[in-house]
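If you read the sequences in order, they're chains A and B. Just so we're aligned: 172 in my numbering is position 168 of the first sequence, and the numbers increase by one with no gaps anywhere. Just so we're aligned: 378 in my numbering is position 29 of the second sequence, and the numbers increase by one with no gaps anywhere.
Hints may contain errors.
[Stated by the list, open to error] With a straight-line Cα cutoff of 27 Å, these simulated DSSO-like cross-link-like pairs (lysine-lysine) come out:
#1 K767/B to K796/B
#2 K477/B to K170/A
#3 K795/B to K767/B
#4 K796/B to K814/B
#5 K477/B to K409/A
#6 K603/B to K357/B
#7 K409/A to K357/B
#8 K795/B to K906/B
#9 K612/B to K814/B
None of these hints come from the bench; they were simulated from the model.
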Amino acid sequence: MMLSPTPKEKQSRFDLLQLAAVLALIVISVAFVYSATAGSELGTHLAWHRQTYFRQIIWFALGLVAAAGACVIEYHVLSRWSVVIYWGSILTLVAVLIPGLGSSHHGAGRWIEFGGIQLQPSEFAKLAFILAMAHYLSRPMDELRQPKIFWTALGLMVLPFVLIMKEPDLGSGLVLLPTGLAMLYAAGAPAAYLRRLFTVGGLATVLILGDLLFAPQRWQVVHIHDYQKSRLLVYFGLDYATYAGREVSPAERQRLREKQFNASLNVRQSLIAVGSGGLLGKGWRQGRQNGLGFLPQASKHNDFIFSVIAEEKGFIGSVTVLALYAVILFTGIRIAGQARDRLGKLLAVGVVTLLFSHVFINIGMNIRIMPVTGVPLPLLSYGGSSVLGSLIAIGLLQNIHIYRKAY
Amino acid sequence: MLILDQLKKDDPHLRLLATVTAIGLAILLGGLWWVQLVSSEYYQQKLDIQAQRTVRIPALRGAIVDREGRLLAENRPNYNVDLYLEDLSPKFDAAFLAALRQTRTELARRAAEAAKQLGRKLTPAERKEFQVSDAMVNDLHRVTRYQVSSQIVANLGVRLQETIPFTEKVFERRYSEARALPLPVVRQLSATNVARFEEQSMHTPGLELDVQSLRYYPHGSLAAHLLGYVTRNEIATDGELAEYSYRLDDYAGKAGLELQFDKELRGVAGAKSVLVNNQGYRQSETVWAPSEPGASLALTIDLDIQRATELALQPKGRGAAVVLDTQNGDVLAMASAPAYNLNMFVQGLDTAAAAKEWERFGDTNSRPQLNRATYENYPPGSIFKIVVALAGLEAGTLNPRDTFQSPGFAMVGHRRIKDTAPPGPYDLDRALALSSNSYFIEQGLKKGVLPRIVELGRRLHLGEKSGLLPGQETKGIFPTAADITSGWSDSTTANLSIGQGPIDVTPLQMAVMTAAVANGGRVFAPRLVTRIQAYGAEQPSQVFPEGVVRDNLGVSKRSLDWVREAMVHDVEDERGTGHACRIPGFRIGGKTGTAQVEKNGHIAKGAQLTWFVSFAPYENPRYAVVVTVESGASGGLTCAPVARQIYQALREREAQKERKAGPKMGVLAQLP
């Protein structure tokens, strides 16, 4: 720790409350990734070191190292490199889209391979975006009144957004919007701009959604993947058959209904899992939705990990998780308030908003408040990129805390 | 506090961020509260519906035993080889994947060929035709899982050395409708095949030996009409859960005691729930209500006597025989011919032999399902002369020693009734022994006799059911005191005096009558079931009292003695009509009868009903044996030898008992 400056006061250099919440979530994550995957892996005689939960432990270990890195290098230093990091991450996002470089699963090309390990560049791109955005917006407040600056900031957000949407990864793309907007707002961008942005953005969203959901096929301006469209239809509770139009045959209608039933399966099953958990849950590894395979097999340890926790630990368990996130988020806001400068504050606001968006979209998806999008639950979901990204984000918050204002 | 501090921040930006975050978390909290606490039950139910299948477990049906505890109806383990689909699912998947790969390769080859033929690259639309469609995937799944299963079944067939029918239709049906239940592939394995299976196929995944209980009647058709029969039952009984995902059936009694005591015999079905995974395969089972085996019935029937009675009766075609204990009314044997094999109702119609048996069962001429001992109206004919004699003796109008000159026929008004007995002088003894019609018509027409006949009939409960076998018993016909006061003619009295006309009886009623004459006048309510014993219980749950006296004849000992003596003469005299029943050293009293049967108002030729009613031993009567044969030659020729065979069996059985019990005199009927 030679790089770290000597503490100026008796207070702890770290935000210990937040670290405690992070550690608690890590423990919960390992326990429930184990619960979600042990059932199917025990039977296969997979060596212990190749089992999912163990890999998750490894990722956490790596993530903690990365977080330590993100927290020892003073954020000003990091910020100076932000342009490089930003464009580097944009490059990886482009690389994903190039066939042969990126690898695709379930029809979405989100991964890139580094020596046998697959990473999702979008997870890191989010942080790179926050860093670059904070760096860009930390200029004197007056400059933000210049439309050019404002639009450039928007451009910083739109570029990775478009690339991520192109993968396609709707969820990861969407979280960029609140994050960017919150940072613009916190940076003190003129309210008029923001209002206009909101109005135009909101109008565009309504138009696009309306077009997607209700317009006949040939009238559709925006094209998204079938599975994304079906997710949206499921979320809005719309009938596939109605959407298909009047001219479809009864057999086709039946097929569409069946397709819809299958498409809404994940949502229904996660709801059943969460709901049947009740107050106390069924106990660790006792979840039926989990154990009997009704929860989506491919994603119950990552995107649907919350369902597993909620089923096995009940309302108590899910509220505990929610409380831990509350601790992280509000200590994050506190860190933003105590930040030494605007850069620190904006970084913290970006990280907090990003984490909050993930938590809200993911848990919301598990209880059908939000549509199903592939957004991981920070620190709980299985997955190297998500774990690394989340821990680096925490590292950044701690970094800002360490170099906070001295009162 | 951390959260409140952030909400009260001076910095408006952070304050808004904190507020939005707090609201967001509150929304999630509210959502979780709604889903996990308010709607918890709803989702639990949904989970149960998709993950739980309730299965009914049939209860073991109670046994039926004879008076000594020998089994008449029991349950036999039936071995099936079952296919457990959940154990095969990895194989299904593997086979499917292999087939899918093959199909893909094949399609790719064809696509390449098509491209070559066209001399250009295929357009996306054309390429689509060479892609695996959803329908093809479904087909591949269906075909491969059947292939895997039928291969396993075929291998099993080789090891069991028999071909096992295994159609895709049956397999698919089970797969789509009840995947969580094992599919029986071989039913009713022979002992050899059970051994073969245990030796060679024990560890074949997916195959297991499964024991099922099957109703079994160890003696086939023995006491068929008493026991009744069972068929597979698919209807829920009272107090039972009506809705099961899967129902394993038990039996329902359809006739006889199986029907009468169905509730007791059946027991209470249990239930288990099977946890299934997302693919519908079985994961685990919990029995939440074990089944309770049914109670057993103990009968008054003696297996050996029953068998002997049936053996003696069967060659005679259609008929019935009843053996009663004269001292308490217990039914020792009750047979009706022809009988049917009880096991055919359980084992199904698989074999040609079973089909033949069914055909026989449904025959409208011999009507094997009819219990002729209780469920057929028969004119008693001459055997009713016993009652006429008693009535005359009691009225004082019949002096047994007085002789009556029979002209060989009887004249009632202008009607001439023929007599099979020759003309000549008759006293009571000779009249009974030769069964003189004219003698008894003369006696019956005497003043004060008819009311006594009617009164005796009432006390014998003629024209009434005994309640022995509800649902398969007829009342018979007998005039009441009111009937004889109006519209009654001497001609009818004459007919009644020789057991014809307005009188119909069942063999059981005649057995009760004979027993009453033999035991000094006690008219018993016949008993068939002695007790009901719950499964595993020490004490019976219900005991049916022994020797319930329904009525008393109210006839003097003297009169009875006269009749009994005359009946002994009927058997022991060489000219007696019942001589064919004689057993030296065992005194039997008997009376034959040959009644004409009216069909469509005419006396049917060759359709006469032959009877033999008897009791023995004369000194201390213990048994009443009644035999009826339809279209027999005559009571003496057809029925008396049957009775003789039954008595021989009874004596043999007594001797057997004595040997067992030591030197003490044993009476079969009184042994426990």
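Hints and how they fare:
no., hint, verdict
1, K767/B to K796/B, "holds (23 Å)"
2, K477/B to K170/A, "holds (24 Å)"
3, K795/B to K767/B, "holds (19 Å)"
4, K796/B to K814/B, "violated (30 Å)"
5, K477/B to K409/A, "violated (64 Å)"
6, K603/B to K357/B, "violated (83 Å)"
7, K409/A to K357/B, "holds (19 Å)"
8, K795/B to K906/B, "holds (22 Å)"
9, K612/B to K814/B, "holds (23 Å)"
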